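Protein chains in written order, with the numbering used here: chain A, 2 to 222; chain B, 43 to 522.
None of these hints come from the bench; they were simulated from the model.
Wrong hints could be hidden among the right ones.
Claimed, not checked - According to the in silico footprint, chain A covers these stretches of chain B (three or more CB under 8 Å from chain A):
#1 367-378
#2 383-389
#3 403-416
Claimed, not checked - Residues from chain A that face chain B, not an exhaustive set, calculated with beta carbons under 10 Å:
#4 Thr61
#5 Gln89
#6 Asp109
Quick caveat, the model's predicted, so the values are computed rather than measured.
Even for Gly, the Cβ is constructed at its ideal location relative to N, Cα and C.
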Amino acid sequence: MRVVIAEDLFLLRDGLARMLEAHGLEVTGSVDNGADLLAAVSAARPDVAVVDVRLPPTFTDEGLRAALAARRAAPGLPVLVLSQYVEQLYARELLAEGHGGIGYLLKDRVMDSAQFVDAVRRVAAGGTAMDPEVISRLLVRSAGDGTLAALSRREREVLGVMAEGRSNAAIAQRLVITERAVAKHTASIFLKLGLQPSDDDNRRVLAVLAYLSAEQPGPAD
Amino acid sequence: MSSGTTSGGSPARHARRPWLAASCAATARLLGLYGLLLAGAGLLLALIAPMLLAGALIGRVLTRQAAAVAISATPGGKGTIFPPRAVGPNMTGRLAVSVLLLLAGLAVTALLLPYLLQAIRGLAWLTRRVAADWSGVPSPGRELPPPGMYRAPARYWRRLGWLLTDPATARDLRWITLNTLLGWIPLLLPAGMIVMGLVGFLAPVAGLPVPPPAFPGNSPPLLVLIGVSWIFAGLESAPWLLRAYGRASRVLLAPAGQGELTARVQHLAQTRAEAIDTGAAEMRRIERDLHDGAQARLVAMGMTLDAAGQLIDDNPAAARALLLEARDASVRALTELRDLVRGIHPPVLADRGLADAVRALVLDCPLRARLAADLPGRLPAPVESAAYFAVSELLANVAKHADATQTWVDIRYLDGMLRVGVTDNGCGGADPARGTGLRGIERRLAAFDGVMAVSSPPGGPTAVTMEIPCALSSLKISSC
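Using the sequences and the hints given, assemble the complete structure.
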């Protein structure tokens, strides 16, 4: 699996590359700014790009915009965005296209290399990896306005892990329940929320995320 | 600002002097000030003389022409000295000359205007100092030069522009007119009375005729008595009139717009003090948070890693557990740092500006919240930050106290003013006088001359509106 890394801090860039290579991924390019990312993506045609949100020259959301631009330049390019902080706003912008192959994680997550590499692989395969912090805030907000009032506590837990982009097997492992139980809860959740059930992990996540954010005000302008 | 070093200027010296010397000095000083008044009258005359002259000429021509027309229009026109046909062109010519004269007068005035205005200002400065020194009334304070006048020499038009836009110029003109018209009364009165008294004293001796109204009776002892009382009255009134003149000059020559400036300075001093206090309190909070949070965790991590290093050969399993513990500690430290940074300057605010930062707030808000934002560009960073934290605090208030199900945030920029409204459908009853949160927002906004209005009747709804005057600093860079 071929990866391009865009990260301006040398230590992190180097560490990321070594970690990914240690887990058998091939790092075909590591760059430190948005323009080079676009060049590297069109030259190396990677399976996934791992991009830091803050990149020179502006050190604002340069990386996010570069990631979205890279996805437009190479349609369907899976992108995993890393950040020191996560914002629902940015998650929504990344998910706005409605395709899979999107990840949005806190930089802290690289400390658990196994989980992180799993997220990279999942995104490269067209799946989704949303940071638990994004999801928990989404759920707090949805709980606040009564969107999830119909769900049981266990169903909410399943919904939370599912929204991160995990498969049924991963949910079962995390919550220490059987996969059958997960499937049962999932069906119940989709029924209660009035969503189309889907066996495809990715479409299922997108449907859940769309549902959770649907009650939110869209961009007003 | 009375300067004690100038000769006899301080009130203390006035008090120590014998009465006669003090009164004579006061009389002389009044006469000295009268000299300044005459100079001012000359300047005022120079300012209006060209126009006065031309006006008088035109007036004369017009009256003559009117007379001529009246004569020619009488039924017995034959008896007129000038035949009307001969008068007409002659008079028109004079009128034309007069108009030219008027224009020339105006031109001369315009040409001299900056210099005259500066001379008047110089005279005002001199009068202010002299009157303050001599009368013992403190000077009204230092006047700044007109805007731009620090830099000499400049072109005529720029000088004129500076002088005409300076509010002190109107003050100078007001002062010089009043001083010329009325100032001579207090300045000449004591000297006049003394002269009258001396005349009454000396007239009988010299055998001069004595004016009757001042000296009724005209008998020598009475004349002497009246003369002495005139001199006494003149000397007695001199110090008093000098102080009165000093006070009047102080009022009339006070730096222009001082009242507004005083109020402004008070406002600025108060908001600056509050801004400094707020800043210092924030610094202390950040220091404490770092000290108790991330720093302490890093120390603990170091110790854990050290322990792991010692155990790694003998007891790899325990070392491994310690390493995992250290990793968890680092995660917690990162979380704390992230929260701290969010409280100092939220990254999304730096990245995207106020509208998107508030959008992010609204997305995280546990209530149903709606945002309408219309900002044509980025605002100055401090204003963005103040508005962001105000909205953040208000939304937290709504979530905590209002018992509301819905909030609306409205952000727009109109006519140099950022307007932010936060409204909810909750129970109302918010009172800025009681809530420290609302009061804190008000204080922070005041540092930008911003204001906050709270409408929160019991039973709701609550509407908070904030206005901050500011300029847009850059064009919109992100379009999402």
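Right, here's what the structure says about each hint:
1. Here's how the segment 367-378 of chain B fares: 5 of its residues keep a CB closer than 8 Å to some CB of chain A, so the rule of at least three is met and the hint holds.
2. Given as covered by chain A, the segment 383-389 of chain B passes the check, having 3 residues with a CB less than 8 Å from a CB of that chain where 3 are the minimum.
3. For the segment 403-416 of chain B, the assignment as covered by chain A holds, since 13 residues bring a beta-carbon within under 8 Å of that chain's beta-carbons and 3 suffice.
4. Evaluation of the Thr61 (chain A) hint against chain B yields a held restraint, the C-beta minimum of about 4 Å falling below 10 Å.
5. The interface hint given for Gln89 (chain A) is met, as the beta carbon of that residue sits about 4 Å from the closest beta carbon of chain B, less than 10 Å.
6. The closest approach between the C-beta of Asp109 (chain A) and any C-beta of chain B is roughly 5 Å, which is under the 10 Å cut-off, so the hint is satisfied.
The structure agrees with every numbered hint stated previously.
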